[in-house]
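Peer 1: The residues making up each chain are set out below.
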Amino acid sequence: MHELGIMETVLDTALEFAKDNNATEIKEIHLLTGIIFGIHQEYAELFFRMVSKDTIAQNAKIVFESVPACFICTECKGKTEYPAFSEKEFYCKHCGSKKVTMVSGREFRIQNMVVV
Amino acid sequence: MDEIRIIEIKKSVYENNDREADKLRQQLREEKTFLLNLMSSPGSGKTSLVLRTIEALGQEFKIGVLEADIDSAVDAQTVARTGTQVVQLHTGGMCHLDAGMTLRGLQELGTRDLDLVILENVGNLVCPAEFDTGASKSAMILSVPEGDDKPLKYPLMFSEVDALVLNKIDVLPYFDFDTDAVEERARRLNPNIPIFAVSAKTGQHTERWADWLRGEIRAWNSDAC
Chain A
5 MHELGIMETV LDTALEFAKD NNATEIKEIH LLTGIIFGIH QEYAELFFRM
55 VSKDTIAQNA KIVFESVPAC FICTECKGKT EYPAFSEKEF YCKHCGSKKV
105 TMVSGREFRI QNMVVV
Chain B
1398 MDEIRIIEIK KSVYENNDRE ADKLRQQLRE EKTFLLNLMS SPGSGKTSLV
1448 LRTIEALGQE FKIGVLEADI DSAVDAQTVA RTGTQVVQLH TGGMCHLDAG
1498 MTLRGLQELG TRDLDLVILE NVGNLVCPAE FDTGASKSAM ILSVPEGDDK
1548 PLKYPLMFSE VDALVLNKID VLPYFDFDTD AVEERARRLN PNIPIFAVSA
1598 KTGQHTERWA DWLRGEIRAW NSDAC
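Residue numbers (the working numbering), protein chains in the order written: chain A, 5 to 120; chain B, 1398 to 1622.
Any given hint could be a false lead.
[Unchecked claim] Far from chain A by the CB rule (all over 10 Å, computed), these chain B residues:
| hint | residue |
| --- | --- |
| 1 | E1427 |
| 2 | L1448 |
| 3 | E1452 |
| 4 | L1454 |
| 5 | A1477 |
| 6 | R1478 |
| 7 | Q1482 |
| 8 | G1544 |
| 9 | D1559 |
| 10 | I1566 |
| 11 | A1594 |
| 12 | T1599 |
| 13 | D1608 |
[To be verified] List of simulated lysine-lysine pairs, PhoX-like, C-alpha gap at most 20 Å:
| hint | chain 1 | residue 1 | chain 2 | residue 2 |
| --- | --- | --- | --- | --- |
| 14 | B | K1407 | A | K23 |
| 15 | B | K1407 | A | K31 |
| 16 | A | K103 | B | K1550 |
| 17 | A | K103 | A | K81 |
| 18 | B | K1408 | A | K31 |
| 19 | B | K1459 | B | K1534 |
| 20 | B | K1408 | A | K65 |
| 21 | A | K102 | B | K1550 |
| 22 | B | K1407 | A | K65 |
| 23 | A | K23 | B | K1408 |
| 24 | B | K1534 | B | K1429 |
| 25 | A | K81 | A | K97 |
[Claimed, not checked] Sample of chain A residues facing chain B (criterion: CB under 8 Å; computed from the structure):
| hint | residue |
| --- | --- |
| 26 | I10 |
| 27 | T13 |
| 28 | E93 |
| 29 | F94 |
| 30 | K102 |
| 31 | R113 |
| 32 | I114 |
| 33 | Q115 |
| 34 | N116 |
| 35 | V119 |
These are calculated hints, taken from the structure and not from any lab test.
All residues carry an ideal CB built from backbone N, CA and C; glycine is no exception.
Build the full structure now, drawing on both the sequences and the hints.
Peer 2: So this is what it looks like as structure tokens:
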């Protein structure tokens, strides 16, 4: 359900940047989402269609790019990337330690957009 | 025909909310009001823990409560019976509270004379973790019947909070709930998190939770000087 609020923010931001850049139509919006960030892409698209109706973004294609989760091991300082979310426990792939700190994977950014 | 262009945005979807949350936190610091954001699944015992907290700290601190739910006022009515100031917020279908909604609730409650406001967030382990409400500290409850695998399934919530309360320990004998496993899984996401195993129903060990909260409130107020 949080996809609704988030996609409203995406729309508002996109419209604001479009206005500042004198764009007449938004063709594509590129979003960067960390794999730990729980967003359901189909719902997000559906909500975007709802909120963007009758705006210059109504036909915009939403492109998701996922960012892997990155952990630093507190013991060997090694870096481990997890490209997809799973329920498996996160651990350091270098030394096997389970004491790892997440440094990325939670972000949700509006990266750029294609306009005319 | 107009030319196709790429406009760089590189903006977090949380930027506006984070800004409002920081502003609210600053205002609360100046007013010496501590805001606790309490999160959990529905039915884990948020309202029961709120009642125990009022019982433990109500003499020392002036307490207010914000109850957030999609609908109904049952939690607010329960809390109001203790004589505590309470405001019921309806999110109207939204699964979480953001800083703007929290601010409106606080304005209705009036925070100037309050030392502690407990925000009982919408029952949900996913969405509330993603939005900064402007709280001084956040805590979550995991109750025994929910199972010890929850830190694996909802890692964001467990990594965002400042304290974890394991509630309903009075029913531990009836469930396959491994307290040590939960603590280990939670600490992997959040290495220094304080964990309090309590029963809000019987009152067992709830003083440990209250002691932690008292310390946090005092630290918040002394930082404001």
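Peer 1: Next step is simple, just say for each hint if it's right about the structure.
Peer 2: Verification of the hints:
no., hint, in the structure
1, E1427, "28 Å, holds"
2, L1448, "28 Å, holds"
3, E1452, "33 Å, holds"
4, L1454, "32 Å, holds"
5, A1477, "28 Å, holds"
6, R1478, "31 Å, holds"
7, Q1482, "28 Å, holds"
8, G1544, "12 Å, holds"
9, D1559, "16 Å, holds"
10, I1566, "24 Å, holds"
11, A1594, "21 Å, holds"
12, T1599, "32 Å, holds"
13, D1608, "27 Å, holds"
14, B/K1407 <-> A/K23, "16 Å, holds"
15, B/K1407 <-> A/K31, "17 Å, holds"
16, A/K103 <-> B/K1550, "18 Å, holds"
17, A/K103 <-> A/K81, "10 Å, holds"
18, B/K1408 <-> A/K31, "18 Å, holds"
19, B/K1459 <-> B/K1534, "17 Å, holds"
20, B/K1408 <-> A/K65, "18 Å, holds"
21, A/K102 <-> B/K1550, "17 Å, holds"
22, B/K1407 <-> A/K65, "17 Å, holds"
23, A/K23 <-> B/K1408, "16 Å, holds"
24, B/K1534 <-> B/K1429, "14 Å, holds"
25, A/K81 <-> A/K97, "11 Å, holds"
26, I10, "5 Å, holds"
27, T13, "5 Å, holds"
28, E93, "6 Å, holds"
29, F94, "7 Å, holds"
30, K102, "5 Å, holds"
31, R113, "5 Å, holds"
32, I114, "5 Å, holds"
33, Q115, "6 Å, holds"
34, N116, "5 Å, holds"
35, V119, "6 Å, holds"
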